[in-house]
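J.: The listed protein sequences derive, respectively, from chains A and B.
Under the working numbering, the very last position in the first sequence is 600; numbers go up by exactly one each time.
Under the working numbering, the very last position in the second sequence is 600; numbers go up by exactly one each time.
A few of these clues could be false.
As the list claims (entries may be wrong) - Per the computed footprint, the stretches of chain B lying under chain A, defined by three or more beta-carbons under 8 Å from a beta-carbon of chain A, are: (1) 82-96; (2) 197-204; (3) 428-438; (4) 560-569.
Stated by the list, open to error - Simulated restraints, written as ranges between beta carbons of each label pair: (5) A/K553 x B/P333: 56 to 66 Å; (6) B/A249 x A/A402: 20 to 30 Å; (7) A/A402 x B/E188: 36 to 46 Å; (8) A/T243 x B/G408: 29 to 39 Å; (9) B/S543 x A/D149: 57 to 67 Å; (10) B/D538 x A/P579: 32 to 42 Å.
By construction, these hints were calculated from the structure, which means they are not laboratory data.
Cβ atoms here follow ideal geometry from the backbone N, Cα and C, with glycine treated the same way.
Protein chains: 2
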Amino acid sequence: MTTLKVAVEDSPPEYEWLGGRGLTARILNREVSPTCHPLGKHNKIIFAPGLLAGSRFSASGRLSAGFKSPLTQGIKESNVGGTAGEKLGRLGVKAIILEGQPDDTKLYVIKVTKDGATILPADNLTGLVNYAVAKELKTVHGENVSLLTIGPPGERKASMATVACTDMDGMPSRHLGRGGPGAVMGCKRVKAIVIDDTGAKPIAARREAAFKALVKDYATFMDENKGANLVRAYGQMGGLTWISGRNHSLPVRNFTSGAFEEANKIGGKETIEYLTGQGSQWGIACMPGCLQCCSNIVRDKEGKYLTSALEYETAAMLGANLGIDDIYAISAMSRLDDDYGLDDIEMGATLGVTADAGMMSFGDSARAIALVNEIGQGTILGRILGEGAAVTARAFGISRVPVVKGQAVPAHDPRVENATGVTYCTSPMGADHTAGDILFRQSTPAEAVKASKQAQINVAIVDCLGLCLNAFMDRAYPMEKVTEMVNAQCGLDLSYESLQEIGKAVLKEERAFNLNAGFAPSADRLPEFFREEPSPPSDAVFDVPDSEIGSFWDF
Amino acid sequence: MTTLKVAVEDSPPEYEWLGGRGLTARILNREVSPTCHPLGKHNKIIFAPGLLAGSRFSASGRLSAGFKSPLTQGIKESNVGGTAGEKLGRLGVKAIILEGQPDDTKLYVIKVTKDGATILPADNLTGLVNYAVAKELKTVHGENVSLLTIGPPGERKASMATVACTDMDGMPSRHLGRGGPGAVMGCKRVKAIVIDDTGAKPIAARREAAFKALVKDYATFMDENKGANLVRAYGQMGGLTWISGRNHSLPVRNFTSGAFEEANKIGGKETIEYLTGQGSQWGIACMPGCLQCCSNIVRDKEGKYLTSALEYETAAMLGANLGIDDIYAISAMSRLDDDYGLDDIEMGATLGVTADAGMMSFGDSARAIALVNEIGQGTILGRILGEGAAVTARAFGISRVPVVKGQAVPAHDPRVENATGVTYCTSPMGADHTAGDILFRQSTPAEAVKASKQAQINVAIVDCLGLCLNAFMDRAYPMEKVTEMVNAQCGLDLSYESLQEIGKAVLKEERAFNLNAGFAPSADRLPEFFREEPSPPSDAVFDVPDSEIGSFWDF
Chain A
46 MTTLKVAVED SPPEYEWLGG RGLTARILNR EVSPTCHPLG KHNKIIFAPG LLAGSRFSAS
106 GRLSAGFKSP LTQGIKESNV GGTAGEKLGR LGVKAIILEG QPDDTKLYVI KVTKDGATIL
166 PADNLTGLVN YAVAKELKTV HGENVSLLTI GPPGERKASM ATVACTDMDG MPSRHLGRGG
226 PGAVMGCKRV KAIVIDDTGA KPIAARREAA FKALVKDYAT FMDENKGANL VRAYGQMGGL
286 TWISGRNHSL PVRNFTSGAF EEANKIGGKE TIEYLTGQGS QWGIACMPGC LQCCSNIVRD
346 KEGKYLTSAL EYETAAMLGA NLGIDDIYAI SAMSRLDDDY GLDDIEMGAT LGVTADAGMM
406 SFGDSARAIA LVNEIGQGTI LGRILGEGAA VTARAFGISR VPVVKGQAVP AHDPRVENAT
466 GVTYCTSPMG ADHTAGDILF RQSTPAEAVK ASKQAQINVA IVDCLGLCLN AFMDRAYPME
526 KVTEMVNAQC GLDLSYESLQ EIGKAVLKEE RAFNLNAGFA PSADRLPEFF REEPSPPSDA
586 VFDVPDSEIG SFWDF
Chain B
46 MTTLKVAVED SPPEYEWLGG RGLTARILNR EVSPTCHPLG KHNKIIFAPG LLAGSRFSAS
106 GRLSAGFKSP LTQGIKESNV GGTAGEKLGR LGVKAIILEG QPDDTKLYVI KVTKDGATIL
166 PADNLTGLVN YAVAKELKTV HGENVSLLTI GPPGERKASM ATVACTDMDG MPSRHLGRGG
226 PGAVMGCKRV KAIVIDDTGA KPIAARREAA FKALVKDYAT FMDENKGANL VRAYGQMGGL
286 TWISGRNHSL PVRNFTSGAF EEANKIGGKE TIEYLTGQGS QWGIACMPGC LQCCSNIVRD
346 KEGKYLTSAL EYETAAMLGA NLGIDDIYAI SAMSRLDDDY GLDDIEMGAT LGVTADAGMM
406 SFGDSARAIA LVNEIGQGTI LGRILGEGAA VTARAFGISR VPVVKGQAVP AHDPRVENAT
466 GVTYCTSPMG ADHTAGDILF RQSTPAEAVK ASKQAQINVA IVDCLGLCLN AFMDRAYPME
526 KVTEMVNAQC GLDLSYESLQ EIGKAVLKEE RAFNLNAGFA PSADRLPEFF REEPSPPSDA
586 VFDVPDSEIG SFWDF
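Throw the hints in and build the complete structure from the sequences for me.
T.: As structure tokens, this is what we get:
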């Protein structure tokens, strides 16, 4: 972006079997100084579809973005559903690397087609929110393109700024949410990437018979899987009442409780049925061919489209964690987050801290919405909040702040979910449930470390392939069959053991970046209050000793 | 402070020969978890006079404060002149340790006398600035007490909040400035410490003849020393024109130049003579018996007391670094910083970043003063700025920010002063010239590392003793004679070599805390712009390779 030039390069041979998260980590470690400023010219943001992207496997089109995070100051991989990953896969694009930055503040769009890429002026999009950007770009480039876009906070380089990705309806409702990818794209002055796969076709599997058998096997598995069917019917949000009422690991009022007395108003069967009765839809796929269909379309009481992808994390962090039980208010906040391009999880944790600072009352959804607008509009207060929970706590002198490595703890309380807590501590991403969450409390610290390790390795594999966690790992679809999918698509003969070695290598590569970015192993810690304040009603505390956490990396 | 109880304890035998910085580092490593929240109940702030405090040696009364820093998240020792250190030494107090914190937000004063210490209610002082607090407390406790106080930003736990210490006129003009000691004292809800040494006497030297000889030797040395006489006449500020015009290491307009075209209006002989002509005084001692007398009393044009201790760093950071050439405006800002309890250095760097963010123009002293008031008054904008340069840069999306480990680079540009640059990188304090600055550019990176190492070791020694850097090290008074001072006062037979081993041990103890607080060796880096942007007019860049910086700790 310094010279506003596109270079289309063949992928080096050594990258042939790398994809998604693994490829971004490799490129970052090769090309980006770990101590560079995340918003400076030396940082890069790498968009890489998974190794199976463009194939005809279900739910294989997740797109990874890798960058040094302005939120954590460490390595970051964030990934997203929607349609962009699949299109890039079909186009044979292994990665889009944004590097450098212009001297001025003009904005640009990058258009990717089968013929290459071009950089187009985009000052007309300055200050537009994501839905407006998507509308404009679809008018110019056609309804069938995929879009990666940033809102005004991304332009301003706010650390909680996301990159939105369009869903199957062309709505920018899916987000590369965590760690500030929108800020890094903003500092490169790229408002949007337009992906037009006209003329591209699905990538055929190298072994057609094996491919067909696996497609059939997976379809049968999903049809027979109880969890899959529940998620099809009620989405991820369906599980909220269980997390609250049974597992007691829901964040409530800035992590002061694990159970929300109004959980059935913001999640679970009752809420979904209420919303469906009002005209919303569940069982929506966010990417072509997905058999999990965990997404949704939420309409307001007048039947007008309000938002899509009202997720468990959204309802938990913007609802229970703020003491808010109004599902339409939560939906409105989610839409604002989508429009502005802001991370729901970081937002919920930040507003929780803001409430502790006396700047809003728990349960006051009008104030919460006003605060989201402060960030979206870039007011002075919004400049603080837009930097996330850790900076907000700094500004207001708050010492009880749910972050690890500067990133907000998501909606799985680590006191109950002790293995998820180990993941929060050890993941190079900071607190991130998608790096490996385990809902059930493990019996011993050693078991918690073991469970986190296996989950993080599997997640790393899945993230390299572009597969969706929800549609595979969360359903416990056997990793051996995932291995067969790779072999069928790519004509390889890998074992699950060898895939695990790849997963481990990815984790270690990410870890190496952080060790060189200023993070000592002693940065792998949860905030002290998780160890000291029992979470009602379970009264659990996080009790995995530092020495056990230290043992995580023994592999 | 959790139970509002004082425990007076004998110093453990193993602390007998520890003092000042060395003692605070030892206590922190023994008693404070490096990963604790700096504003939480597990942090402690330890005030410790040096080993020579209370003796009759000149300039031996500097007081150290040790704590985990809310600014850097690492270990911190900040030290200060004024009268408190000497009084604590005479009282035989090796350290005051503030620990725990009350459940409510009431404020307290701690009074220390020869009979022990008491905790007194102090809600009447809420929101008062330091000069007002000092006036109130002297009315109650007498004119001769020493005071350690915080202003409103300290009560609010702002990361650039200082602890003020009264000078020989009872003015709170000397500050434990760096790293946020005021915030830590604020989170303990201690508004002030009152030190009354009535009934206490100087600590006699164990070897009276040696003591007398050394006093005489030092007095002769200072009288004959050209630098000492210049500093007596013109203070530290006297050197500003040389730093600008000859050394080219002055920070100008957020470190975009090393020379200020109006340097003679904000420092140097001409400025001092102008101010003196207007009724200000130079050659003032900040602690009893000091022979260096580098301080001053600045009066406004009507002859009214405005501020004391208008320092080089103040004039450089609040003047040149902001493009401000009005010495009275700088003095007014310095007074505001003293009143609110804010670090001049962090302030100057923060406002420099603020200017780059378009929130003020370089040279606009009225706006700069208004911004200081925003912090003092705790406005929303002030909440950002009060967190220092790194957080301000985060909030406004600025990637060119002069900080190391979250602490602002002081008024010695590391591109020219390459050994000072090594100190900024390696000091466990973050960017700190008082950890070991070397004005002259060293010929090679290896020489720069060597010079920084020797300076940091000597500084650590001097900081353990409570001696003033300006009055000893900066004058090149031989460290062998400093060793003799220790031996005469304490009845020891140390060699300078053994003192150096103690200095090294202190540095390593501090380093160990940081390694356990999340900082990897790779955190020892200057911001990239110091390597990439030549500083006019020298056109120097910081060019000490990372590998050389890594070699610093080989001792």
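J.: Could you see if the CB distance from B/A249 to A/A402 stays within 20 to 30 Å?
T.: 52 Å, violated
J.: Does the Cβ pair B/S543, A/D149 satisfy 57 to 67 Å?
T.: Given a distance of about 60 Å, which is inside 57 to 67 Å, the answer is holds.
J.: Using C-beta distances, would you say chain A covers the stretch 82-96 of chain B, given that this needs three or more residues below 8 Å?
T.: holds (count 5)
J.: Are three or more residues of the stretch 197-204 of chain B within 8 Å, CB to CB, of chain A?
T.: n = 4 at 8 Å, threshold three: holds.
J.: Quick check: does the Cβ-Cβ distance between A/T243 and B/G408 fall within 29 to 39 Å?
T.: Given a distance of about 55 Å, which is not inside 29 to 39 Å, the answer is violated.
J.: For the stretch 560-569 of chain B, does the count of residues with a C-beta closer than 8 Å to a C-beta of chain A reach 3?
T.: Per the Cβ count (8), the hint holds.
J.: Counting residues of the stretch 428-438 of chain B whose CB is closer than 8 Å to a CB in chain A, do you get three or more?
T.: holds (count 5)
J.: Do the beta carbons of A/K553 and B/P333 sit within 56 to 66 Å of each other?
T.: 59 Å, holds
J.: Range first: 32 to 42 Å. Now tell me if the beta carbons of B/D538 and A/P579 are that far apart.
T.: 56 Å, violated
J.: Do the Cβ positions of A/A402 and B/E188 conform to the proposed distance bound of 36 to 46 Å?
T.: 39 Å, holds
Going down the numbered hints, you'll see the structure goes against 6, 8 and 10, while the others check out.
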